[in-house]
Amino acid sequence: KYMSNALLATKVIFANEMYDLCSALGIKYEEVKDMVAVDPRIGPSHLSVTTIRGFGGKCFPKDMVALIGFAKDKKVDASLLKTVWEKNLRIRKIRDWEEISGAVNKKSKKKSH
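First residue of the sequence shown: 1, per UniProt numbering; consecutive thereafter.
Some hints could be false.
Straight-line alpha carbon distances no greater than 27 Å define the calculated DSSO-like cross-link-like pairs of lysine-lysine that follow [stated by the list, open to error]:
id, residue 1, residue 2
1, K28, K74
2, K75, K11
3, K33, K75
4, K28, K93
5, K33, K11
6, K87, K74
7, K87, K58
8, K75, K93
9, K11, K72
10, K58, K28
Estimated spans, in silico, between C-beta atoms of each pair [what the hints assert, rightly or not]:
id, residue 1, residue 2, range
11, P40, E99, 33 to 43 Å
12, K75, M35, 38 to 48 Å
13, L80, K1, 29 to 39 Å
Keep in mind the hints are simulated off the structure, nothing from the lab. In this text, a Cβ means the ideal position worked out from N, Cα and C, and glycines have one as well.
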């Protein structure tokens, strides 16, 4: 479950970065997204970018923080996961997970780094 959610969370952040790149180039992200989504290896899930940027909710933040902490405990370099999480913290203005019971709270979020 951790691997699946971390991969999907990474896909969300990747989509957000591609949205920003398309915007900077004057390209319609929706058209690029639709072309990429037809590739069966990628598919359309988690590619939509809304005004609420990044990922939130209960599971993605909780599982990212847990996986980063687990890797740290095992002395495994999780720099990609850390970068994804840090990017999410920068672009996600609504941190709903801080208010959801059983999700990531401010205290546990800081411990993971």
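Right, here's what the structure says about each hint:
no. : hint                   : verdict
1   : K28 to K74             : violated (42 Å)
2   : K75 to K11             : holds (25 Å)
3   : K33 to K75             : violated (36 Å)
4   : K28 to K93             : holds (23 Å)
5   : K33 to K11             : holds (12 Å)
6   : K87 to K74             : holds (23 Å)
7   : K87 to K58             : holds (18 Å)
8   : K75 to K93             : violated (31 Å)
9   : K11 to K72             : holds (22 Å)
10  : K58 to K28             : violated (31 Å)
11  : P40 to E99: 33 to 43 Å : holds (37 Å)
12  : K75 to M35: 38 to 48 Å : holds (41 Å)
13  : L80 to K1: 29 to 39 Å  : violated (18 Å)
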